[in-house]
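Note that the protein sequences, when read in sequence, are chains W and B.
Residue numbers are given in my numbering: position 44 of the first sequence equals residue 44, and the series is strictly consecutive.
Numbers given in my numbering equal positions in the second sequence, counted from 1, plus 1000.
Treat the hints as calculated values from the structure; they're not laboratory data.
A few of these clues could be false.
30 angstroms max Cα-Cα, derived BS3-like pairs, lysine-lysine [to be verified]:
#	chain 1	residue 1	chain 2	residue 2
1	W	Lys50	W	Lys60
2	W	Lys81	B	Lys1184
3	B	Lys1142	B	Lys1065
4	W	Lys60	B	Lys1065
5	B	Lys1085	B	Lys1016
6	B	Lys1192	B	Lys1155
7	W	Lys47	W	Lys57
8	W	Lys81	B	Lys1192
9	B	Lys1155	B	Lys1142
10	B	Lys1065	W	Lys13
11	B	Lys1155	W	Lys87
12	B	Lys1184	B	Lys1142
13	W	Lys60	B	Lys1037
14	W	Lys50	B	Lys1155
15	W	Lys57	W	Lys13
16	W	Lys82	B	Lys1155
17	W	Lys57	B	Lys1155
18	B	Lys1085	W	Lys60
19	B	Lys1184	W	Lys60
20	B	Lys1065	B	Lys1016
21	B	Lys1037	W	Lys82
22	W	Lys32	W	Lys3
23	B	Lys1082	B	Lys1184
24	W	Lys57	W	Lys81
25	B	Lys1142	B	Lys1082
26	W	Lys57	B	Lys1075
27	W	Lys14	B	Lys1082
28	B	Lys1016	W	Lys87
29	B	Lys1184	W	Lys82
30	B	Lys1192	W	Lys87
31	W	Lys47	W	Lys60
32	B	Lys1184	B	Lys1155
33	W	Lys32	B	Lys1155
For reference, the chains in residue letters:
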Amino acid sequence: MKKLIHVIVLSCKKATFLIEKRIYSRLSLIEKIQLRLHMSLCDACVKYKKQSWLLHKMLKHFDHDHQAGNMPSESSVEELKKKISNKLDEM
Amino acid sequence: MKRFGENIEEAHVVIKEWVGLFTQNLYVWAHYKVSDKAMAEDLVQETFLAAYQSFGSFRSESGPKTWLFSILNHKIADHLRKKIKEPFIGEGKAGLETYFNGTEEWNADASPREWGVEEQELLDNTDFRITMQQCMERLPDKWGAAIQLKYLEEKDGQAICQDLEITPSNFWQILHRAKLQLRKCLEIHWFKN
Chain W
1 MKKLIHVIVL SCKKATFLIE KRIYSRLSLI EKIQLRLHMS LCDACVKYKK QSWLLHKMLK
61 HFDHDHQAGN MPSESSVEEL KKKISNKLDE M
Chain B
1001 MKRFGENIEE AHVVIKEWVG LFTQNLYVWA HYKVSDKAMA EDLVQETFLA AYQSFGSFRS
1061 ESGPKTWLFS ILNHKIADHL RKKIKEPFIG EGKAGLETYF NGTEEWNADA SPREWGVEEQ
1121 ELLDNTDFRI TMQQCMERLP DKWGAAIQLK YLEEKDGQAI CQDLEITPSN FWQILHRAKL
1181 QLRKCLEIHW FKN
């Protein structure tokens, strides 16, 4: 019976898939309607959607001028510079 | 317009100066994108060698940093595409049954809860960013690479899939699993404390 209902209002698995798809691409009209219907009935997926878009914003925000953490030690950077310089000398 | 690359001597001197100036920036970025120190070092080295070889095509108005980053990003994208195409090697239970039960509804312990923080607060929080990076690193390679590629290239999903030679629905599926796991990792390591 549940499987039958899911054809119309989607399962949470399918709904979260569409939430992700929507972030990166377009949904078809049917997918939009199904997702909207599911969201009107499922509180957990509403939360998932909100959180998923937040993660999307975070990930978009990570560009090479906004790096935090994972800083290499000064000595390892110096070593890498030296290694690359030597390679250039060999060319 | 100044044209570089008239002689090899000049290229050599200039690139070496750039190695001094930009290695750290390039490395930090590459490390974040590929989650692998040795690979990040190789990519940065390859970037400078490629820059040296194609020095003639450098135009001074774009700025060396921008130019070097565009070379590096191409190399990162190539690397990520290879990773995404590799067969999946997951650790333990990484399947959807972690999140959804037999009728495809949320398992009680996996069901999303309210995070209870303002969005902007998280976006500005350095510790949260670091936790997020750590969670990214914990993702299986293939999934992490899919997310990193999606956020590296300005291209839309369809174009990325064409380059990858996989179907869009396959790519969305990888991203779906990756995001579920990333979310779970954050919930464990950030929101439960």
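Each hint, compared with the structure:
no.	hint	verdict
1	W:Lys50 to W:Lys60	holds, 16 angstroms
2	W:Lys81 to B:Lys1184	violated, 38 angstroms
3	B:Lys1142 to B:Lys1065	holds, 29 angstroms
4	W:Lys60 to B:Lys1065	holds, 20 angstroms
5	B:Lys1085 to B:Lys1016	violated, 35 angstroms
6	B:Lys1192 to B:Lys1155	violated, 36 angstroms
7	W:Lys47 to W:Lys57	holds, 16 angstroms
8	W:Lys81 to B:Lys1192	violated, 41 angstroms
9	B:Lys1155 to B:Lys1142	holds, 19 angstroms
10	B:Lys1065 to W:Lys13	violated, 43 angstroms
11	B:Lys1155 to W:Lys87	violated, 33 angstroms
12	B:Lys1184 to B:Lys1142	holds, 17 angstroms
13	W:Lys60 to B:Lys1037	holds, 22 angstroms
14	W:Lys50 to B:Lys1155	holds, 24 angstroms
15	W:Lys57 to W:Lys13	holds, 22 angstroms
16	W:Lys82 to B:Lys1155	violated, 35 angstroms
17	W:Lys57 to B:Lys1155	holds, 17 angstroms
18	B:Lys1085 to W:Lys60	holds, 23 angstroms
19	B:Lys1184 to W:Lys60	holds, 19 angstroms
20	B:Lys1065 to B:Lys1016	holds, 13 angstroms
21	B:Lys1037 to W:Lys82	holds, 16 angstroms
22	W:Lys32 to W:Lys3	holds, 19 angstroms
23	B:Lys1082 to B:Lys1184	holds, 26 angstroms
24	W:Lys57 to W:Lys81	violated, 33 angstroms
25	B:Lys1142 to B:Lys1082	holds, 9 angstroms
26	W:Lys57 to B:Lys1075	holds, 24 angstroms
27	W:Lys14 to B:Lys1082	holds, 28 angstroms
28	B:Lys1016 to W:Lys87	holds, 10 angstroms
29	B:Lys1184 to W:Lys82	violated, 41 angstroms
30	B:Lys1192 to W:Lys87	violated, 48 angstroms
31	W:Lys47 to W:Lys60	holds, 20 angstroms
32	B:Lys1184 to B:Lys1155	holds, 27 angstroms
33	W:Lys32 to B:Lys1155	holds, 23 angstroms
In the structure shown, a violation is registered for the earlier hints numbered 2, 5, 6, 8, 10, 11, 16, 24, 29, 30, in ascending order.
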